[in-house]
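As you go down the protein sequences, you meet chains A and B in turn.
Sequential numbering from 1 applies to the first sequence in the working numbering.
Sequential numbering from 1 applies to the second sequence in the working numbering.
Hints may contain errors.
[As the list claims (entries may be wrong)] Label pairs and their computed distance ranges (CB to CB):
(1) B:183 - A:102: 14 to 24 angstroms
(2) A:214 - B:232: 22 to 32 angstroms
(3) A:176 - B:26: 32 to 42 angstroms
(4) B:90 - A:297: 51 to 61 angstroms
(5) B:125 - A:214: 53 to 63 angstroms
[To be verified] Simulated pairs of lysine-lysine, PhoX-like, Cα-Cα distance not exceeding 25 angstroms:
(6) B:27 - B:219
(7) A:214 - B:219
(8) A:106 - A:188
(9) A:188 - A:97
(10) B:128 - B:27
(11) B:219 - A:97
(12) B:128 - A:188
(13) A:188 - B:126
(14) B:224 - B:212
(15) B:212 - B:228
(16) A:214 - A:188
(17) A:214 - B:224
(18) B:219 - B:175
(19) B:27 - A:107
(20) B:128 - B:118
(21) A:97 - A:238
(22) A:106 - B:216
(23) B:175 - B:216
(24) B:111 - A:188
(25) B:212 - B:111
(26) B:175 - B:212
(27) B:228 - B:26
(28) B:111 - B:153
(29) B:224 - B:27
Hints are computed from structural coordinates only; laboratory data are not their basis.
Keep in mind that this is a model prediction, so the values were computed, not measured.
Every residue gets a Cβ at the ideal spot worked out from N, C-alpha and C, and that includes glycine.
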Amino acid sequence: MDFLNALALITNYILLPGFTYGSQLALGALGVTLIYAVLRFSNFAHGELMSFGAMICILFTWLGQSYGINFGVLPTALIFLPIAIGFTALYCFFIEKFVFAYYRRKKSDPIIFLIASIGVMFFTAGLIRFIIGPSDQNFNDGVRFIFNVREFKAFTGLDEGFGLKTSQAITILTTIILCSILFVFLNKTRTGKSMRAFSDNEDLALLSGIDPNKVVLLTWVIAGGLATFAGVLYGLDKIYKPFIFLQMLLPIFSAAIVGGVGNPIGAVVGGYVIALSELFVTFAYRKVLAYLLPESMEPSGMMQFLSTDYKFAVSFIILVIVLIVRPTGIFRGKTI
Amino acid sequence: MFLSAENMLGGYGETTILNDCSLSVKKGEIAVIVGPNGAGKSTAMKAIFGMLDLRAGNIIFDGKDISDLKPQERVKSGMGFVPQTHNVFTSMTVMENLEIGGFTNQENLSKNISEVFKLFPVLEEKQKQLVGELSGGQRQQVAVGRALMTNPKLLMLDEPTAGVSPLVVKELFEKIISIARTGIAILMVEQNARQALEIADNGFVLVQGENKYTDKGSKLLSNKEVRKAFLGG
């Protein structure tokens with residue numbers, strides 16, 4: 001019984017939030033890694049693309065709600081996700097055409113692209129503040145919990161329990177589905193294989209008749225779509241904060257690099273590694289240990305490795321360790 | 001002549017690498033370009049493929065002047081090119097490499113794949129393996145197989161035996177002969193000059209971007225000066 005209580009606590013405070021946050025990071029890191037693999041630069045504007053997608057989705061959700069549209073128990077925002085993806089993809093075309101295409105024609109170094117992407121990041125951030133303002137927006141409606149802690153306790157008779165938020169279930173399920181679709185697309189379809197070929201060896205791909213413009217645009221559509229999903233799911237799970245996306249760049253890039261930059265499976269695994277480590281390291285284990293240890297050994301302190309204030313340091317530490325011990329990441333990515 | 005590159009003059013930037021260089025090959029024949037390092041062998045091949053802007057000279061391919069076409073357009077008109085390095089997709093399987101090779105030739109895809117497998121049976125065994133995990137010789141087979149997927153009429157090979165063990169070199173040359181037998185013209189640059197000239201119909205010895213000797217492969221092999229200067233005696 002004590003063991004189950006401890007497990008329920010860990011599920012509630014580490015596993016469920018970890019896998020949810022991990023899924024959001026994974027979707028973000030997938031976009032970053034795809035851009036890196038195919039377009040060959042680190043896109044620092046990716047966090048703001050997530051923000052942009054989420055913003056469009058919120059605007060349409062408000063519009064829809066004013067006409068009385070809702071999605072029953074599910075958040076209304078999900079209905080407007082496809083529209084938001086469309087707008088974000090268009091925005092990606094816009095930055096590709098007016099910013100990155102120029103440097104691609106000039107065959108600039110990746111570092112130039114990176115600096116340009118920082119410019120795009122600031123521009124996008126400004127545009128977002130201009131449109132929706134700097135304050136927080138809560139746009140989650142529908143049923144909040146699939147089951148909550150109290151219901152769980154009553155059902156199982158345990159002293160501790162966990163609740164499953166609708167947003168958590170949606171985030172994890174959506175991520176599994178999106179990743180599966182993406183992997184089937186990349187590995188089984190002709191277009192997906194042409195993207196991989198372009199990423200592997202651009203010159204040889206050109207000789208084989210692959211159209212580089214198509215590959216570039218398609219990569220932006222996919223990256224924009226993934227960014228929108230990541231931004232909206234993050235906003236549903238927590239809250240939409242225009243300022244948070246700059247902070248999220250660090251864990252997202254860590255996830256991509258830890259997994260092996262340029263490797264999609266690595267990005268997903270990296271997302272979960274970063275998210276779970278953040279929670280494992282900053283969780284206070286006192287109650288869990290009280291269940292597991294004999295009464296005489298019950299701890300008196302918080303039993304916390306690091307204060308939650310240092311959450312972001314965790315991704316930094318993992319990043320540094322990986323870069324020292326295994327610079328190609330957990331799965332063989334491109335060496336950087 | 002099926003392909004004739006006439007009086008090519010060009011180089012990178014200000015430097016001149018090709019100096020009035022002419023090369024040609026007939027259908028079903030093998031032409032080999034040999035010469036010392038820095039003679040412009042690979043550059044000559046790149047020029048024929050359109051990867052180098054020529055200051056003078058023409059490239060006539062299949063009766064047409066293609067001097068102004070881009071490499072991709074030359075592929076479409078029937079040229080196949082196997083670069084010396086980075087000539088395969090290492091992160092993809094053997095099968096996927098062939099599929100990408102036939103990207104613009106979908107209607108003949110499965111027929112061409114089975115023909116490549118007939119020519120290189122080892123690739124059929126390893127079709128699901130990543131090319132990055134194959135040996136040097138097998139990689140070169142993938143590279144040649146990939147280029148064959150577009151049904152080229154002219155196949156250009158830039159040092160196909162580089163990084164291949166001596167035992168496999170002979171086998172690879174035999175495969176190249178059998179490709180030529182199907183009526184494809186083959187133009188290749190080779191470091192293994194002696195072995196390459198043995199299988200060549202025609203040989204071109206380049207020195208500093210100029211044609212030094214041009215003759216039948218067997219004649220070049222028996223030419224004393226060529227032997228002394230380029231074949232090590």
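To see whether the hints hold, each was checked on the structure:
{"no.": "1", "hint": "B:183 - A:102: 14 to 24 angstroms", "in the structure": "violated, 46 angstroms"}
{"no.": "2", "hint": "A:214 - B:232: 22 to 32 angstroms", "in the structure": "violated, 50 angstroms"}
{"no.": "3", "hint": "A:176 - B:26: 32 to 42 angstroms", "in the structure": "violated, 59 angstroms"}
{"no.": "4", "hint": "B:90 - A:297: 51 to 61 angstroms", "in the structure": "holds, 55 angstroms"}
{"no.": "5", "hint": "B:125 - A:214: 53 to 63 angstroms", "in the structure": "violated, 34 angstroms"}
{"no.": "6", "hint": "B:27 - B:219", "in the structure": "holds, 20 angstroms"}
{"no.": "7", "hint": "A:214 - B:219", "in the structure": "violated, 50 angstroms"}
{"no.": "8", "hint": "A:106 - A:188", "in the structure": "violated, 33 angstroms"}
{"no.": "9", "hint": "A:188 - A:97", "in the structure": "violated, 29 angstroms"}
{"no.": "10", "hint": "B:128 - B:27", "in the structure": "violated, 34 angstroms"}
{"no.": "11", "hint": "B:219 - A:97", "in the structure": "violated, 58 angstroms"}
{"no.": "12", "hint": "B:128 - A:188", "in the structure": "holds, 13 angstroms"}
{"no.": "13", "hint": "A:188 - B:126", "in the structure": "holds, 18 angstroms"}
{"no.": "14", "hint": "B:224 - B:212", "in the structure": "holds, 14 angstroms"}
{"no.": "15", "hint": "B:212 - B:228", "in the structure": "holds, 14 angstroms"}
{"no.": "16", "hint": "A:214 - A:188", "in the structure": "holds, 18 angstroms"}
{"no.": "17", "hint": "A:214 - B:224", "in the structure": "violated, 55 angstroms"}
{"no.": "18", "hint": "B:219 - B:175", "in the structure": "holds, 23 angstroms"}
{"no.": "19", "hint": "B:27 - A:107", "in the structure": "violated, 38 angstroms"}
{"no.": "20", "hint": "B:128 - B:118", "in the structure": "holds, 16 angstroms"}
{"no.": "21", "hint": "A:97 - A:238", "in the structure": "violated, 33 angstroms"}
{"no.": "22", "hint": "A:106 - B:216", "in the structure": "violated, 45 angstroms"}
{"no.": "23", "hint": "B:175 - B:216", "in the structure": "holds, 21 angstroms"}
{"no.": "24", "hint": "B:111 - A:188", "in the structure": "holds, 20 angstroms"}
{"no.": "25", "hint": "B:212 - B:111", "in the structure": "violated, 42 angstroms"}
{"no.": "26", "hint": "B:175 - B:212", "in the structure": "violated, 29 angstroms"}
{"no.": "27", "hint": "B:228 - B:26", "in the structure": "violated, 28 angstroms"}
{"no.": "28", "hint": "B:111 - B:153", "in the structure": "holds, 17 angstroms"}
{"no.": "29", "hint": "B:224 - B:27", "in the structure": "violated, 29 angstroms"}
The structure does not agree with the numbered hints 1, 2, 3, 5, 7, 8, 9, 10, 11, 17, 19, 21, 22, 25, 26, 27 and 29 stated previously, though it agrees with the rest.
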